[in-house]
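K.L.:
Knowing the structure of chain C, use the given hints to seat chain W on it.
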Amino acid sequence: MMTTQDKLAILADAAKYDASCASSGAKRAGNGEGIGHSDGMGICHSYTPDGRCVSLLKILLTNFCTYDCVFCVNRVSSDIRRARFTPEEVVNLTLDFYKRNYIEGLFLSSGIIRSPDYTMEQLISVAKQLRKVHKFGGYIHLKAIPGCSQTLIDEAGLVADRLSANIELPTQQDLVQLAPEKKSVVIESTMSQIALRKDEADEDRRRSKLAPKFAAAGQSTQMVVGATPANDRQILTTATHLYGQYKLRRIYYTGFSPYPEADTRLPLAATPRIREHRLYQSDWLMRFYGFEASELTTPEAPDLSLTEDPKTVWAKGHPEFFPVDVNAAPRESLLRVPGIGYRNVERILSIRRYHALLVDDLKKLHVRLKQALPFLIAVDHLPGRTLAQDSQPGLQLDLFAPISALTGSI
Amino acid sequence: MHRVPLQSDFEAWRAAARDALHAGFRPEELDLQDATVPSTLALTLDTDDVATGAPIVRPHTSKAFLETAAIVAVHRSPDRWNLLYRVLYRLQSERNLLQIETDDDVSQLVRLEAQVRRDLHKMHAFVRFRKVMEASDPSERPVVVDEPIPIDPDPHAHHLVLVTPTPFGEVKTEIEACPPPVSIPDKDCEHFVAWYEPDHRILPLAAPFFAERFAIMRWSILTPEASVSWDPIAKKLIFGPGVPRESAPAEDELEDLWRTYYASIFNPARLNQEAMRSEMPVRYWKNLPEVALLPALIGGAQTRVAAMVKRQQQQPTAEPFLPAQRSLPALRDALPSCKGCELYCHATQVVPGVGASNSPLMLVGEQPGDQEDVQGLPFVGPAGKLLHKALAELNIDPASIYMTNAVKHFKFIRRGKIRLHQSPRMSEITACKPWLLAEIEALRPRVILCLGATASKSLLGGTFALMRDRGKILATPHAERVLATVHPSAVLRGRDQQSIEQLYQFLKDDLALAWKSAQATASPASFLVSPAQSSYSR
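As you go down the protein sequences, you meet chains C and W in turn.
Under our numbering, the first residue of the first sequence carries the number 163, and numbering increases by one thereafter.
Under our numbering, the first residue of the second sequence carries the number 3, and numbering increases by one thereafter.
Only chain C is shown next, with the shape it has when bound in the complex (with noise of 0.2 Å):
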């Protein structure tokens, strides 16, 4: 007989290939009636020495699984350990971790059991105890088991916060190859019905306060990078489809990773942390300033590089859009300067109305001189040289220079 802690070993390692951990984008105020609130921001409550926050309880509800995906520690080819917990187990497990400040909720997974319909109903059955019996107001986050009902999505989103579908892999050759099971028709029709009940609940919640919340933190999905030959702009190409098609609030990039019993198909070392940072630095481009994902790579050059950042590289590949002076240019302008960020972009907007802005400004805002000023112009400064610096006093400054003598505080 397996003792929790044995289940807990097994079912919390099968599931830590799942990169989503985020705690954030619902809010929940106290019911007063159970534990649990959400302030919305999401809090990473310890870090394992692989980097990752620790935010919620992250575990199957059993590893047992009918499917065979080649790049699956839990597909039923492979020799591991099986284990399968109680609802009660993880509706125990969960409040004993959030009393003592442990966690912020729990992400619930599982492989797929009998049919998909039947592993969506257990794991619904979970969150519901833990609302309904226990009025946990912690954050849910659910799996969304592809190829469900509409029914039972409908159901999950009123108890969980989060709902995700796993989109695994950047194409449809790399699942037929990988994944004979899953179809990206399949599960994208799954992330269809979440974002079309998502909306339908959000213009209810219009019209009326007392509307039921659909998953408020939306939905997010997972894809892992490495495991196929698949290059950077067919990932960003399919999450660009994902986050236009159905709305959702993250894309998370997994590089693969080795893991016990692997498929001799899969490859046997890490793909390099960096290859996942830069996806993510490409994910943040498209969502937050404004670039598209058919600008960051070229069809020549399909992956991103894995020395400069992709920012940097599109402005060394547009020497005619700079420089830009950061007290004349848009918004749009300055978000594409290398080492500004959009935070910053915004204290510049706000600060140039009261005064123009020297390099020694943007250095106090922690601006990363070293890869912005070959691109921008301030007061006191012109790509290749610095003006404070000139020494050629008493020069008759041109009224129709990229810097205008009318424009600087100095």
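Derived by calculation from the structure, the hints in this document are not laboratory data.
Built from N, CA and C at the ideal position, the CB exists for glycine as well.
A hint or two may mislead.
As the list claims (entries may be wrong) - With a straight-line Cα cutoff of 27 Å, these simulated BS3-like cross-link-like pairs (lysine-lysine) come out:
no. : chain 1 : residue 1 : chain 2 : residue 2
1   : W       : 341       : W       : 133
2   : C       : 294       : W       : 237
3   : W       : 237       : C       : 189
As the list claims (entries may be wrong) - Now the stretches of chain C that chain W is said to cover, found in silico as 3 or more residues with beta-carbon under 8 Å:
no. : stretch
4   : 178 to 192
5   : 209 to 217
6   : 247 to 259
7   : 414 to 421
P.N.:
For chain W alone, kept in the frame of chain C given last:
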């Protein structure tokens, strides 16, 4: 210089600042000293200045500044009161000052605020509660005791007290009485206690978070300078003096489980200590129960990854033992050399497939049994005899079909003199699969009939459900028509006569269907698969 010593109290600063503005003190004429830091109170010889600025009778400020100031007020920097006054003074004439983050005062203000906010965030994250119950354990830890109330005139009056032993004696904090058993029917009187050392004086700012989150729990957070308890009945925070570390409980029953979780969720293939340390700086470690595992986890990571990679490379497969030429005789000759998995060590011999090399029908069983292992021929044991009986009843000549197994060696455990059949593991089925695929390639049968779950899973995938999908003709990459039926040994193991007859009927029906299908496809146009039957495709 006008000096005003201030305690760590935002309201005291507000009062002092208001007075100073009224009097017209310029920031450089005023020193709002931190009374908790002795050095700043050192006597100096210069005189107490008078205000030279214009008195500001009706000072104004913004909500945003007050919010920021309340946060900066708990910072440990002794200079924070002067900074706040300087900004407040400048705000009187420079209304937009806070927007200009490049200003030295503003950037300092923003920096202090960020540090306190980060400290708050980390406190919300890293507080660890430990559960304490009644006073049954004699060791030095906080206990909840039920004692008479000394000042109450009623001699029977008593109350619950949290007693925390300290080097200076016991510190007692009164706890509201446990609610009557009706409202919490299942629990004892639980009390959760945490010890925490924040960088700044943030306890009053941090407590409301815990009050909302753990509203129905009885909890206390103890820090060196202050402590706070939550009363879940009155919904009230009760602040008290600081206590030493020893007064907090030393452990909790759940911590082993928590450490198990922490160790299991760590992926050794992605070791990245710098990222961990930057988010969870070492100064927080001493109060985190899971951190005790770090040396073992970090030290063992490389070995674990190396072991995984080695196992993956050495995953059993028969692939290297297959001959270049894929004809049935060549395969038969090469088979005895196979050491693709461990099974060859114990079996007597390998059991190759038998039958006509031009057979349109291929039967795939699970693995050789005891008899087959001894004789070196497939389907000669009890199950094989049953199969031959069924074939005879259907008038099918066994010599006209090809019979083989998904796994070519006998797997068993010894029980005295008997060798008990043992199902092959998935890795062994996978390891042996190249032989089966090579046989299929060499024979090119029109129809493959899988006997039992092992063969079906090998050719039809892990999701194949035998009893649901048996007898259905499916198209696969291996052969145009593949179907599955029960294994004859399953018939022999039937529960009762009725189920034996039923299973035997399944076997016969499917054999007949497979044979008919194999015959019919000899002239392709004459046989059409009905749409319902071909719906399963992959």
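K.L.:
Against the 27 Å threshold, does the CA-CA distance of residue 237/W and residue 189/C hold or violate the hint?
P.N.:
With Cα atoms ~21 Å apart, residue 237/W and residue 189/C stay inside 27 Å; holds.
K.L.:
Please check whether the stretch 209 to 217 of chain C has three or more residues whose CB lies within less than 8 Å of a CB on chain W.
P.N.:
holds (count 8)
K.L.:
Under 8 Å between beta-carbons, do enough residues of the stretch 414 to 421 of chain C, three at least, approach chain W for the coverage claim to hold?
P.N.:
The restraint on the stretch 414 to 421 of chain C holds, since 4 of its residues have a Cβ under 8 Å from chain W and three suffice.
K.L.:
With a cut-off of 27 Å on the C-alpha distance, tell me whether residue 341/W and residue 133/W pass.
P.N.:
Status violated; Cα separation ~57 Å.
K.L.:
Under 8 Å between beta-carbons, do enough residues of the stretch 247 to 259 of chain C, three at least, approach chain W for the coverage claim to hold?
P.N.:
Satisfied; 3 residues make the cut.
K.L.:
Quickly compare the C-alpha distance for residue 294/C and residue 237/W to 27 Å and report which way the hint goes.
P.N.:
23 Å, holds
K.L.:
In terms of beta carbon proximity below 8 Å, does the stretch 178 to 192 of chain C have 3 or more residues touching chain W?
P.N.:
Coverage by chain W holds for the stretch 178 to 192 of chain C (4 residues, Cβ < 8 Å).
Violation of the numbered hints given earlier is confined to hint 1; every other hint is satisfied by the structure.
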